[in-house]
Amino acid sequence: MNRQGKVRLVKWFNQYSDEEKYRLNLDIYRLISSREYKQHSNFVEFQNSKLVYKRYAGLFFIAGIDLDDDELIHLSTIHLFVEILDLYFENVCELDVVFNFYKAYAILDEMFAAGEIQETSKTAILDRIRQINAME
Amino acid sequence: MGTPMKGLQQFISDLRSSQSREDEERRINTEILNIQTQFNSNNSQNLTGYQRKKYIAKLIYIYINSSSKTQITFNYHNQILTLLTSNVYSEKFFGYLSINLIFNNDEEFINLIINSIKKDLNSNDINSNLLALSCIATLGNQTFADLLLDDVFKILRSPTSTPSLKKKSSLALLKLLTSDKDLLKRHPMWIPRILSLVDDENLGVLISILPLVEFIAIEIDFNQTQSLIPILTNKLKLLILERDKIPKEYQFNGLSNPWLITKIARILEILLPDLNNIDLNSLRTLRICVSNTVDGSSSSHQKDSAIKNASNAILFSIINLANSLDPSIDAIISSFETITTLLISSNDLNTKYLALNSLISLSSKTENSQLNNIQETHLLKIFQILKDQYDISISKKCLDLIYIIATPSSINYIITEFLKILKTSDHVLKSEISVKISVLSEKFAKEPGWFINTMLELIDLSGPYLNQPIWERIVQIVINNENLQKITCSQLIKYITKSNFQESMVKIASYILGEFGYLIQDELSINKQFEIFAKLYFYVSNNVRTMILLTFVKFLKHSNFDKDLKSKTIKFLRLEINSINAELQQRSYEYLTIISKLNSENGEILFNLIFDEIPVLVKTENPILLKLSKTNPHAKKELVKRTENLADTITAQNEQSTTIQGIQRLSVQNPVQKRESPLTPNWEQGFYRLFEYNQGVFFENSLIKIILRIQKHVDQKEKVLLNFTICNKSSNKITSLITSLNNYKTTEPDLIINTIDTPDSELLISEKTNFRLEVSLRSYFEFNEIPNLKIQFNSGAGFNTIKLKLPIFLKSFIDNTDLSFEQFLKHWKQIETNLNYSFHKIINSKFGVDYDYMSRFLKKLNLKLVQTNSGEFLFSSGILKTTSASFGILSKVKILTDNQIELIIRTTDVKVSELIGESIVRFFEI
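Residue numbers (UniProt numbering), protein chains in the order written: chain A, 1 to 136; chain B, 1 to 926.
One chain only, chain A, in its complex shape:
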């Protein structure tokens, strides 16, 4: 999600209707964008869950986690995802994600499944993405 609240990449691991998705996006944006980077932590409770988020340049990376989940590790996960995007797109920027959204999804799917982290090795993930890219 960028600073204007435009969604660039989103994956839902629970089922929501389109209307709910829209509402959630809006509510999350309002909450996150109201929090000053210097005065607030990267965690905030949201409805019956917690949001862990971090801003990299113009993009917010946000993960919704359970209330009893560990916040810091998810913050590290976000960072890992950004590092991988950065390696793959070589100095990633918002536009890379915009134009190659489906590649970003492919990376997301190599890193997560069922809302859990599946792989943390950058090498393993990038090798696999290159392999996919080589296919027709």
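I should point out that these hints are in silico values taken from the structure, not numbers from a laboratory. Treat the hints loosely; a few may be bogus.
[What the hints assert, rightly or not] Taking lysine-lysine and the BS3-like style, the derived pairs with C-alpha atoms no more than 27 Å apart in a straight line are:
| hint | chain 1 | residue 1 | chain 2 | residue 2 |
| --- | --- | --- | --- | --- |
| 1 | B | 712 | A | 103 |
| 2 | A | 21 | B | 58 |
| 3 | A | 11 | B | 719 |
| 4 | B | 494 | B | 423 |
| 5 | B | 712 | B | 860 |
| 6 | B | 826 | B | 768 |
| 7 | B | 829 | B | 881 |
| 8 | B | 308 | A | 54 |
| 9 | B | 719 | B | 860 |
| 10 | B | 729 | A | 11 |
| 11 | A | 6 | B | 6 |
| 12 | B | 387 | A | 54 |
Place chain B on chain A using the hints.
Positioned in the frame of chain A, the structure of chain B alone reads:
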């Protein structure tokens, strides 16, 4: 992923260069229209895979980026199906991407493609397998589980599966298993095979299998998972102590893999509720891991925030684990000190947040007073953090922590500080603090005066941000505590006569002074109290006005119907009689009517009855605690646990006076209670249905359905079991469901009713609950002796009472006897000649009857038909058993016309003949 799609890139660029929102929407709509035409044209089959993929990619882009305004309404399911079944990877990829993103709630469509997913799962192409697994991991539900569970497990367990397949299938399996927790219980053989995968050499596989292990440990089979403790310990050792052996790709900026460490630590914490199940070797290894991590953390001063976060994540999870490894008080104190230092020294907000979190969980684990002392020394610092904080997440954590560590010696300081902060804080925090103040001050109330002063000050300060439960609770407590009533009244007067009074204060005042204002008559006459409210009346909302109207009427009662007050009250009521507010209008109309009857006979009695003093509230549930439980459920458990025993402190102190009041009131109210409320209309239907059948619908309305099965006791014929099933038919949850018996004779009863099970008090929509009553027959009983069953419950906003006559019949206690016709005639004559215990009646049945029906009916009465050659009469016999006696029963039935029956009953007791005879007559004639 195939050649780049120029059309897609062009489309995205176009959108980006749009001058305005309208421009952008126009471009999107044109594109949607274009794609729709392409897909709907006759030769859409001729579209190339590339074109199809490109169009779907555009639709996905539109979907992700669109606001809810842009709706893609046309149906392109067929195109997606074509992509899914394509042999080209990139086409299949886009097919799945669209399903995962766009159609994840379109169940019909997903059911349609599930076979295609199954095919990909079983294909020889690994890439197709992976796409299918990924889709299952995203959308998996029970339908998926029914069809695909075995296939997914097969992939996970296949020795030939690549690490990629194992990783995806493990998490896909987790997704399916969580959809229904019983699934894995049906496959107990799977559990050891899944658990053994923890030993997989590939760390990626380990990461993906751990969530599944955690799920099994918590939900399915704790015991089997325990066997993993040594293996998990070894993994942790590898990660922490033998870092060099970890492949570099699984390190994170020089740190050992934090994801693995935190996850393993968490699972170990689950597996080690105490130290009974861990071998000494593992325990020693784990302790070394802990000390190594804690020592390492103090020496590293990382600048890079990402590394710092990851290493703190490791530290916190290891500290949590440490507390389960060594739950001694010294260890906990030392952890507490370590974290507090971190909390105070760190400027990093994330660290502060997590440190507070850890302290909360630590503090809640121990009740030791020694620890409390340590906590108290830090109280000042925690308050300092709270005051300097802008971040609501951290402020809330501070509040929770202070709440947990509050002790009798620190409570005064805490409350004073809270009240200070309340003045300046924003509204979210205000509401949080006010809840905490009210619970704490109730918990630690040493004297009633202190409690009331604190609460009233709280209300005065929090103003409109006050939570409703708080003022309700105050009223609750004051009503239930006689010694609080007077002082509360005087205090309230002070607060509501202030120039900047709070509306919620007026609410409490109108309630309390209306009830107990007369107690302070010496200081302030009721007339003067009336004047205060009369002035306030015009400054408050309608909602409060309705309350004040009642207060006026109560004043009137306490002033012994003072003339002056009466005319003033009537003036106010008249004022509202044409109010546009329905509630105000209704109340003023009703009050006026009752006042106007005051001069009539019994008018005063009626008035006093209606405006009687509020009875002591029996509901002990504290509404504020409900409010608390809405906060963080992790902290909730601890918070509620800590309040449970203390919420009653005040109430307990005054229990004695409460009971006395209760008794007095009961005697006053007795005459009222004697007037039995009528049975619920239509009760007869179910009642007589169960006279005929032993099982059936006893009662049904739009909210609930009650099914009843009457069961005879196998050995003791004088006992009958009533099995009730209540189903919630409404579209709301049913709460506070209570059943009770009334009209039940407790002295010398002919029927003894024991409650065996009581129903659940809460019923979700279409849920059922059972309860049972056991009825023993001591002696025969009259119809009006049958007790009533009262069922009360809340559904939606309404409170419902259903009152039904219990279907207890003498016939249920009849046991049949085998008599030959000769024997029958002999007894029949005996009773006739010796005693005239005969019941004889011509019944005019409401419905048509014939011999077939009547013979079935007699059997249902548990009477046995006597074999005869007579086609005219039906003879039957049985024995009625009570705990003290048995009565022989003989009956003779003749059908006169198709709705006229002649019934003769002869028994060994005149009353029994009459009662059984009448019950049969009632069945046919009502």
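Do the hints match the structure? See the list:
Between residue 712 (chain B) and residue 103 (chain A) the CA atoms are separated by roughly 71 Å; this puts the pair beyond 27 Å, and the hint is violated. At most 27 Å may separate the alpha-carbon atoms for a hinted pair to count; residue 21 (chain A) and residue 58 (chain B) meet this at roughly 20 Å. Taken as a hint, the residue 11 (chain A) and residue 719 (chain B) pair is broken in the structure, with Cα atoms around 62 Å apart against an allowance of 27 Å. About 20 Å separates the Cα atoms of residue 494 (chain B) and residue 423 (chain B), which keeps this hinted pair within 27 Å; it holds.
For the given pair, residue 712 (chain B) sits about 13 Å from residue 860 (chain B) by alpha-carbon distance, which is consistent with the 27 Å threshold. A distance of roughly 51 Å separates the Cα atoms of residue 826 (chain B) and residue 768 (chain B); the hinted pair therefore is violated under the 27 Å criterion. Proximity of residue 829 (chain B) to residue 881 (chain B) is assessed by CA-CA distance (about 22 Å); at most 27 Å being required, the pair is judged to hold. Of the pairs offered as hints, the one joining residue 308 (chain B) and residue 54 (chain A) holds, with about 15 Å between alpha carbons and a cut-off of 27 Å not exceeded.
Taken as a hint, the residue 719 (chain B) and residue 860 (chain B) pair is honoured in the structure, with Cα atoms around 17 Å apart against an allowance of 27 Å. Annotation: proposed proximity of residue 729 (chain B) to residue 11 (chain A) is violated, straight-line Cα distance about 37 Å (limit 27 Å). A threshold of 27 Å between alpha carbons decides the hint, and for residue 6 (chain A) with residue 6 (chain B) the separation of about 23 Å falls inside it, so the pair holds. For the hint pairing residue 387 (chain B) with residue 54 (chain A), the CA-to-CA distance comes to about 25 Å; that is within 27 Å, so the pair holds.
Violated hints for the displayed structure, listed by number in ascending order: 1, 3, 6 and 10.
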